[in-house]
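Enquirer: Following the hints, position chain B against chain A.
Residue strings, one per chain:
Protein chains: 2
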Amino acid sequence: MTRSSTVDAASVTLQPQKLIQGERSRAKIDVDQINVFLESSPEKRDQAQALMTELVSDPILKTDSSYYGRSKREEREDTARKIVRLALYMEHDIKTARKHFKGTDLVEELQRSEGEDLKNESDLVPLTNSDVAIFDRRLSLLHNMDPQVGTRLGVHLGLFGNCIKGNGTNEQIRYWMHERGATFVKGIYGCFGMTELGHGSNVAQLQTTATYNAESDTFTINTPNLPATKFWIGGAAHSATHCAVYARLIVDGRDYGVKTFVVPLRNPETHQLLANVVIGDIGQKMGRNGIDNGWIQFHNHVIPREYMLSRFTKVFPPKSKGGKATVKTQPQLDQISGYSALLSGRVNMVMDSFRFGSRFAIIAARYAVGRQQFGPRGHPETQLIDYPLHQYRVLPQITVPYLVSPVAFKLLDTYYSTLDELYRVSSPATFDKAGLVVVSKKLKNLFIDSASLKATNTWLVADLIDQLRQACGGQGYSSYNAFGKGYDDWVVQCTWEGDNNILSLSSAKSILKKFAASRRDGIFDTGLDAESFSYLEPGFIHDVLKTGQNAEITLEQLPDYSRVWAVALVRFLDHIARLVDSTKDLDSVAKLLVLVSKFHALHSMLKAYYDKLNSPQDSHVSDAASKDALWDVYKLFSLYFIDKHSGEFQQIKVFTPEEISHTVQPQLLNLLPKVRKAIIPLTDAFKMPDGMINAPIGYFDGDIYHNYFDEITKQNPTEVDGAGVPPYYGLLTDLLNRGWEFDHALGGSARANVLKKLGK
Amino acid sequence: MTRSSTVDAASVTLQPQKLIQGERSRAKIDVDQINVFLESSPEKRDQAQALMTELVSDPILKTDSSYYGRSKREEREDTARKIVRLALYMEHDIKTARKHFKGTDLVEELQRSEGEDLKNESDLVPLTNSDVAIFDRRLSLLHNMDPQVGTRLGVHLGLFGNCIKGNGTNEQIRYWMHERGATFVKGIYGCFGMTELGHGSNVAQLQTTATYNAESDTFTINTPNLPATKFWIGGAAHSATHCAVYARLIVDGRDYGVKTFVVPLRNPETHQLLANVVIGDIGQKMGRNGIDNGWIQFHNHVIPREYMLSRFTKVFPPKSKGGKATVKTQPQLDQISGYSALLSGRVNMVMDSFRFGSRFAIIAARYAVGRQQFGPRGHPETQLIDYPLHQYRVLPQITVPYLVSPVAFKLLDTYYSTLDELYRVSSPATFDKAGLVVVSKKLKNLFIDSASLKATNTWLVADLIDQLRQACGGQGYSSYNAFGKGYDDWVVQCTWEGDNNILSLSSAKSILKKFAASRRDGIFDTGLDAESFSYLEPGFIHDVLKTGQNAEITLEQLPDYSRVWAVALVRFLDHIARLVDSTKDLDSVAKLLVLVSKFHALHSMLKAYYDKLNSPQDSHVSDAASKDALWDVYKLFSLYFIDKHSGEFQQIKVFTPEEISHTVQPQLLNLLPKVRKAIIPLTDAFKMPDGMINAPIGYFDGDIYHNYFDEITKQNPTEVDGAGVPPYYGLLTDLLNRGWEFDHALGGSARANVLKKLGK
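So the sequence lines, in the order shown, correspond to chains A and B.
The first sequence begins at -14 in my numbering and counts up by one.
The second sequence begins at -14 in my numbering and counts up by one.
Just to be clear, a hint being listed does not mean it is correct.
Derived lysine-lysine pairs resembling DSS-like cross-links, with alpha carbons at most 25 Å apart [stated by the list, open to error]:
#: 1; chain 1: A; residue 1: Lys80; chain 2: B; residue 2: Lys742
#: 2; chain 1: A; residue 1: Lys745; chain 2: B; residue 2: Lys629
#: 3; chain 1: A; residue 1: Lys638; chain 2: B; residue 2: Lys576
#: 4; chain 1: A; residue 1: Lys741; chain 2: B; residue 2: Lys629
#: 5; chain 1: B; residue 1: Lys84; chain 2: A; residue 2: Lys741
#: 6; chain 1: B; residue 1: Lys741; chain 2: A; residue 2: Lys87
#: 7; chain 1: B; residue 1: Lys629; chain 2: A; residue 2: Lys629
#: 8; chain 1: A; residue 1: Lys638; chain 2: B; residue 2: Lys745
#: 9; chain 1: A; residue 1: Lys57; chain 2: B; residue 2: Lys659
#: 10; chain 1: A; residue 1: Lys87; chain 2: B; residue 2: Lys745
#: 11; chain 1: B; residue 1: Lys742; chain 2: A; residue 2: Lys87
#: 12; chain 1: A; residue 1: Lys494; chain 2: B; residue 2: Lys569
#: 13; chain 1: A; residue 1: Lys576; chain 2: B; residue 2: Lys629
#: 14; chain 1: B; residue 1: Lys57; chain 2: A; residue 2: Lys699
#: 15; chain 1: B; residue 1: Lys87; chain 2: A; residue 2: Lys84
#: 16; chain 1: B; residue 1: Lys569; chain 2: A; residue 2: Lys659
#: 17; chain 1: B; residue 1: Lys629; chain 2: A; residue 2: Lys84
#: 18; chain 1: A; residue 1: Lys576; chain 2: B; residue 2: Lys659
The set of hints was computed from the structure by calculation and includes no laboratory data.
Here chain A stands alone, though its shape is the one from the complex:
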């Protein structure tokens, strides 16, 4: 059936494009303004739009329905090809950021200026975060189309690079990153050798050893046993020439704990493994098969002493033959800095949550509006989105990316400024001891926030994809509608770079400590804690716990919808503190601590959203109807999660059962039809091109059935042996036309007359 011949224009049912266009034409809110709100500022909006257009237009980077269902082998190669293409964009992006397209070739000069040609310190113009900001955004947006590409390259740029930047001396950073070219994906391709088969979260117990050899002034890297095999190492199986190895530093038989080393793996020219390095492919994974995760074993692999990253711990060779080597270490900074390699990933995953969540929100919204099923006799069937249950299933999920956006942009800014500060105060030329104390505190808060937001949002988006897939019925199960691969690719975010449960526990334990300090000793840093931990302000804690009532949360004022989470957090922390007091066992409340981390994240999200929207300057929203719609989104998000956690809210007496029944739930139900009216403009406002959505039931024109059918027929052409006749059809015709196997196989030897003879 061709498109034109199969549409009955007069039909009242099954005209999804009419329905979706209709909602658009009736829309009262300003999609452009809301888009700016979501993209944080007009400048960032322009940049995001430009980058998205470039990505979906690029012949190598773009994806279409052929993207689904590729083999591991194909995905690996496609991903490598995309990385090659991205290296071109990278040069371009750095030149754009530096506004330098003329004269000397900037990138070449950048690389050369830091090598042996270096004349004096002032010639250095090292790359800063802002120089790579465009490219980082490009990668971040590409994650939405093909997450594995960003990760495979991100392991090199982010994990390997950040490990060197966080643990290397300035000269080591310059050499590996700039002179050798790692920053530009040249000369070196790095991987990140932290995890082992036997140890993931417990980094301190990693078993790989780096033993110092005084005679040769070298380290020997060893994998002492099978569980010490480096495992899951992204890029190791196929790509990496070097590895940032986390290994136990052993000097003179003494174990100094886990430090980092740059260890060569392959010859960058031939790609052959070096001697004493054994590498294999981890193989098939649930998702992201374009990433070549591998395992690595080292068998007496010798590297120069100078390959140890020595910003905070350094081994000095013996001063004389037969003498002893010495080790200088700053353990605390070492640790902070060691873990900072993972920070970037966590921060980026919050931004990913915004983007990836919005992609599936769009698909499910358009399907819910275009799809009709059941309804009163004699009328067009009802649009799914007009069922209260469907509204409840879809609309709160759409609010999730809305609520992630402000906090994601804010977290990214804080991350960049804090890391810049750390680099500055810990550099020899600009060393600042007092500044180091402050930045250490900031880093600690950043750890808490990023851990809690990473865990909470990666979980929320995993749930969002799952729920919205179900809301698209059978079509959600088709690979071409993106949910399946989307889910499989996504959920690893809940495990890697800090398991969500471990991260939640660790952030919640810190919050509980802060709570105790604030409550008991009034310790509260208005400079550093006021932002994320405002609910721990001593006076607020006192008020909330004193009243014994619901702290007058009536859900009548806009601030209430964030403040209620602050009240809940204090009550909940108090409840947990009492339990711990009586049991003296922090582990036994672990299940509750995971919730504290979630509540903390939800509160941060609501607060950041409130602050942004409440500020005419930051929100960029002047249109009243749009602002109202955005406040409805805010309220819906808060109410949905209060209702989801109504068990805790009642248990800690923020709300009575009656308030849940008569305030929370009716408010939630009343909001749904309101937000429903704006569902198409609210999802259009993400301004995501079809090429990035890559799911025909979610395209802009709303022509669900034709778009979907077109992709299916395109990807499944008529079989060569005849339409609908598979290559293996002989198996089937033989089956259907067979004789009775047993009878034949036995040659009739079970028949009565034969058995009679045999039995004689």
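Expert: Leaving out everything else, chain B in the frame of chain A:
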């Protein structure tokens, strides 16, 4: 590294097999008795064990790590090959069930006896449910290893077959199923043509037409428009020769609604499509790619009138030329019977939930015991399962398959007996009008129970797989450990054969009606309703609602743990009924109705488990310690879900906030370490062979790291271009050794001296 060289026998850490074996040797409970409890009876246990052994030993049917990561094309062919193999087992299983291996070939005779050779009615020995019971169990168990095989064959045997059995006359059943051989996967391969692109749940609005042609006494089957395309039809793309088509019966311009027709699609000998039949492949899906789901369009496809399935609706040709055809119909029976094709699937999915859930429970339990991470300095690292949070994450999930088992076996029995009864009372020879009324009521209850249990348990197991994958950290994300494919294959169960939300709504609406009838009019059928709807007994309702208190649920007695759900159901239904009274809008409480269905299922599961374990005869458990462990499982399941739904339990005042804090949650936390002690025997008790588990971190010997590493190296052999050198390595070496592209590409034409010239 070879196995022996890499194990440090003296090492105190990372010896998972020692840990797991240690738990086994310390176990105090009787794994054999518990296995009988889970398998329902000693006879069924023996059968299940024998069938599992056969399945994992069969060279075609068995699966290993090579099973993960196959292409759609390979999965389709493998699945077909397995079906061919299964046809052999089928003959054998039927002969075993009939105890007939000698003399005439039973299966051949069965087929012939019902065809033209038929002499008199009494010669007929039609196949009954008990004749195919062994084979059905074989398929059900195979689902655990390779779900797609069972489904691909199940569409033919179950959906196509049940559609004919439910809607065909006895003669039609005999012809299509026995004489033509469909029952034996011979002659005919059927598919089930219900769903269309535009209509899934709303079967009554399907658009395909079957128009009666009086002149030729035929029907013309037509697909009037694109959304009327039959869609998702399992078996259509590659396998099916016939389709049970759901189409609107049009006679003399009048639309009689949706009826069923046997429609030929392909020539069974050549497998080529017939004229006027257009078929295509739906293509890549999230999971189960071995099933050849297709789409079908009919363009004036003519079939004889006699191909309409006419048990309840029949078209009679005009008595004279130019006269009018007449239609006789029994609409109500038609509808019951029409939907009954889907019942089998729903009932089987409850059994699948038991098996599939237990598979992942075993994997996660063994990993949790064998894996160590963190712990006090100087000691072996702590086993994951000794962390309270990990206990909370894993143990309640393990109770899920335990609680599903009794209700799954019970539901299957009820299904078989009810369908047998329906066949009997609606057959011309044994027609029984009064019996028909009773069986209709039974069917209705079966619809409610199976809908609620299907929806609830497929959701529970989807969550179980997801949660337990996360509990296995990174290794859970490896395809070889079964979670990824398991999840992708599983979750379609939440959508197909009745979307879980629609099923939940429909069962809850029926329950709400029963509640109203019982409360208002005292209508309660102690014969039919007492089993599943015991909580709707008028006296009980009265007591629960009268007290206004918690109906004295103290969670001190074993029955309390089921009874508390009965109390909650009544309170919840009362709460909903009040809301509906005030709003007059049933749709607005849909979200609560979904929970009613879930509560109903949880109550049924707890009650069936309680009844079974409480009966020495049914439980087959005489060992006291084992019985205690099984009661702990029961309590943990109940407490876990009370706590999960503590919002509702407080809101409807089954428990006060204080009772949640001081009874429910402490009881739950106290139970965890108790159940933890039995985790290995409790999961060993499923007695699932490694070949069915097919996940090396979950094998019986507990040698997690070696088993896992072995599979990875087996499935990912050394690359031909050199170890760790992928076929596409040139892309990578070119990238790393490139010059600066822009500079080169521009031939130096952006250099200052060139631009100076150009700018003149």
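Enquirer: Let me make sure I understand: some of the numbered hints might not hold for this structure. Which ones are they, in numerical order?
Expert: When the structure is compared with the hints, numbers 2, 4, 8, 9, 12, 15 and 17 turn out to be violated.
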